[in-house]
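Student: In order, the protein sequences belong to chains G and B. Using my numbering, the first residue of the first sequence is number 1, and each one after it goes up by one. Using my numbering, the first residue of the second sequence is number 1, and each one after it goes up by one.
Derived from the structure by calculation, the hints contain no laboratory data. Wrong hints could be hidden among the right ones.
[Unchecked claim] For the chain G half of the interface with chain B, some residues (derived, Cβ under 10 Å), not all of them:
id, residue
1, Ala25
2, Tyr27
3, His48
4, Ile53
5, Cys60
6, Glu63
7, Asn73
8, Leu81
9, Lys84
10, Phe85
11, Met88
12, Arg93
13, Asp102
14, Cys104
15, Leu111
[Claimed, not checked] Below, a list of computed lysine-lysine pairs in the BS3-like style, where the Cα atoms sit at most 25 Å apart:
id, chain 1, residue 1, chain 2, residue 2
16, G, Lys38, B, Lys75
17, G, Lys84, B, Lys227
18, B, Lys227, G, Lys67
19, B, Lys256, G, Lys34
20, G, Lys84, B, Lys75
21, G, Lys67, B, Lys245
22, B, Lys256, G, Lys67
Here the structure is a predicted model, which means the values were calculated and not measured. Heads up, the beta-carbon is just placed ideally off N, CA and C, and yes, glycines get one too.
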Amino acid sequence: MRPPVLLLTTLLGILLALSGAPAGAEYGDVVLNKRAEKEGVRPVVFPHWFHRIRFRCKVCHNELEFKMRAGANDVLMADILDGKFCGMCHNGRIAWGPENCDLCHSGKPGLPTGILGGHGTSGPGRW
Amino acid sequence: MKTNPIILAGIIFGVLTGSAMTAEPSRGKAVYESNCIACHGTGVAGAPKVGDSGRWSVRIKSGMAALYASAIKGKSAMPPKGGNPALSDDDIRATVDYMVAQSGAGKPSPAASTAKPAAAKGAAPVEKAEISRPDPVGAAVTTAAPLVPPAMAASEVNRFNRLLMPVGRRHPPPAEDGIHDPSNDATHVLQPPLDAYTGFPPGPAGNGVDWVKTLEQGKIKPRYDRKDPNAAPVVMDLNIVREVKGSMPDVVYPHKQHTEWLDCSNCHPAIFIPQKGANQISMAQILLGQKCGVCHGKVAFPVSECRLCHSKKKPMGVAQTGKN
C-alpha cells in the first residue's frame, strides 16, 4: 500500500511545485516589498509597460524623483497620501486614487524587491 | 460517479479536523441559498459568481484548504463565514464544495486536497479509504489521471527552457504571470499586457514591442509632463559614435530616440559624464546594470539585441591572401 501512495504524493508535490513556479513576469515589472509585507499587505507590482504607454520615462524618473534603481526608492504610503511619488498622479485626478489598495498591492506574498522579467525570460539574466 | 471526489474531499477534511462528519452536498446547497447567494449569486463586491468557472478555477488552484480557510476566516470584502457566525465550519466546507461543484471549474481539486493529508502522519485512514476502494474509476484513478498528462504533454517538454518559451506564454495576463496574486480580486481587473500591445510594432525582445517605433508612429502618446498632455519633449538630434575594439561594429548612440523619452538629467552627469572621451563603457559594466545597463536589460531592449547599438560597420582589414 505504501509505495503507490508515496508515488502519488510525490506526483502531487511535483504538480503543485510546477503550478506555483513563476510563469514569467512582464519585462520591466518591479516588485516593491521592502515594507509591504511587514505592514501586512501584499507586495506592490509596478508594471513599467503600462506606465510607459501613458507617460515618458522622464515624468516619473525626474518630476516624481524616482531613482532608476530598484530598491533605491523609499516609498511610504504616507508619502503617497501626501501627494509624493505615486501620489503625484494616483490622487484621483490624473489617475485613480490610493484607496484602491489591491490594484497596486497585488503581488504574491514572499516576492523579493527588484525588477523582474529581465531579458524576456522568467529566469535570472540570460548571461 | 460525479460526486465521488466531492464526497472524498469531504471525508478527507472531516478526518483532518477530527470530525467524523461528512460534508453533505444538500446541506451545502441549503446554506448557499440562505446565506451566500446574495453576493455569490450576483457577483457584487467582487465576489466570484457561482458558475463563473474562470474565476473559481484560479481559486481552486490554491487548494481547497485555502478556499475553506478564506470562507471561514473571511477575505477582502467577504466577512468571516459569510457574515453568519451561527454556521459551523463543516457547514462552510460543505457550502464551498457545493459552490465549487456548481461552478464547473473542475471538481474540488484532489491534487490540492490530498497532498497535505497524504504527507501528514495522521492520514492513514484516508489513504486506506482511497486505495481499498474497489471501484476501478474510483478515487485513486480519478486522482492520478489528471496528474500525469500535464507533466508529459508534448507542448510542455521544453518548459524548463526559458529561452524557448512558447509564444502563447510570453506575455501572460496578470493572474497567470507568477508574480501577481490570483486570489486577489483586483488582479483580475488589471489589464493584460497583450491587450495593450495590440497594433504596436513588434520588437524582438523585452516586451515584444518596438517602443521607439510605437512612439514614432503615434500609436501611443505618452505625456512628457505630468499634468500637461500637450507638452512636447525637448528632442536633441545628435548621434555619438563610439569606436569599439575588435570586429564588432562601432556603437552609434542616438540622442534623438533617448530624449524622446528621457530628460538630460536622467543620464547626465550621474551615469554618463557629458564630455567626449570621459566615459569608459564595457559590456561587463552594462551586464552588471551600470551605464547603458541602468535601463537596457531592465525596461529598454536588452543586450541580446547587439546590432541595435553596434550598428556602424567599420572598414575591415583584408584577410591575408598569401599573394604578396
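Student: For every hint, state whether the structure bears it out.
Tutor: A quick look at each hint next to the structure:
1. With its C-beta approaching chain B no nearer than about 5 Å, Ala25(G) sits inside the 10 Å limit, and its interface hint holds.
2. Proximity of Tyr27(G) to chain B holds as hinted, the smallest CB-CB distance being about 4 Å (cut-off 10 Å).
3. For His48(G), the shortest C-beta to C-beta distance to chain B is roughly 5 Å, which falls under 10 Å, so the interface hint holds.
4. Checking Ile53(G) against chain B by beta carbon gives a least distance of about 5 Å; that is within 10 Å, so the hint holds.
5. Nearest Cβ of chain B to the Cβ of Cys60(G): about 9 Å, under the 10 Å cut. The hint holds.
6. Given the 10 Å rule on beta carbons, the hint for Glu63(G) holds: about 5 Å separates it from the nearest Cβ of chain B.
7. Using the Cβ-Cβ criterion of 10 Å, the hint placing Asn73(G) at the interface with chain B is not satisfied: the shortest such distance is roughly 14 Å.
8. For Leu81(G), the suggested interface contact is broken, since its CB lies about 18 Å from the closest CB of chain B, more than 10 Å.
9. Checking Lys84(G) against chain B: minimum C-beta separation of about 12 Å lies over 10 Å; hint violated.
10. Hint on Phe85(G) is violated. Least Cβ distance to chain B is approximately 12 Å, over the 10 Å limit.
11. Interface hint status for Met88(G): upheld, as the beta-carbon distance to the closest one in chain B is roughly 6 Å, under 10 Å.
12. Residue-level restraint check for Arg93(G) holds (minimum Cβ-Cβ distance to chain B is 9 Å; threshold 10 Å).
13. Look at Asp102(G): its Cβ gets to within about 3 Å of chain B, closer than 10 Å, so that hint holds up.
14. Annotation: interface hint on Cys104(G) holds; nearest CB of chain B at approximately 9 Å, less than 10 Å.
15. A hinted interface residue such as Leu111(G) counts as satisfied when its beta carbon comes closer than 10 Å to some beta carbon of chain B; here the least separation is about 6 Å, so the hint holds.
16. A distance of roughly 19 Å separates the Cα atoms of Lys38(G) and Lys75(B); the hinted pair therefore holds under the 25 Å criterion.
17. For the proposed pair Lys84(G) and Lys227(B), the alpha carbon gap of about 14 Å is at most 25 Å, so the pair holds.
18. Taken as a hint, the Lys227(B) and Lys67(G) pair is honoured in the structure, with Cα atoms around 20 Å apart against an allowance of 25 Å.
19. With a C-alpha separation of about 36 Å, the suggested pairing of Lys256(B) with Lys34(G) is violated against the 25 Å cut-off.
20. Between the alpha carbons of Lys84(G) and Lys75(B) the distance comes to roughly 30 Å, so the proposed pair goes past 25 Å and is violated.
21. This hinted pair does not check out: Lys67(G) and Lys245(B) have alpha carbons roughly 32 Å apart, beyond 25 Å.
22. At most 25 Å may separate the alpha-carbon atoms for a hinted pair to count; Lys256(B) and Lys67(G) meet this at roughly 22 Å.
Hints 7, 8, 9, 10, 19, 20, 21, counting from the list given before, are not met by this structure.
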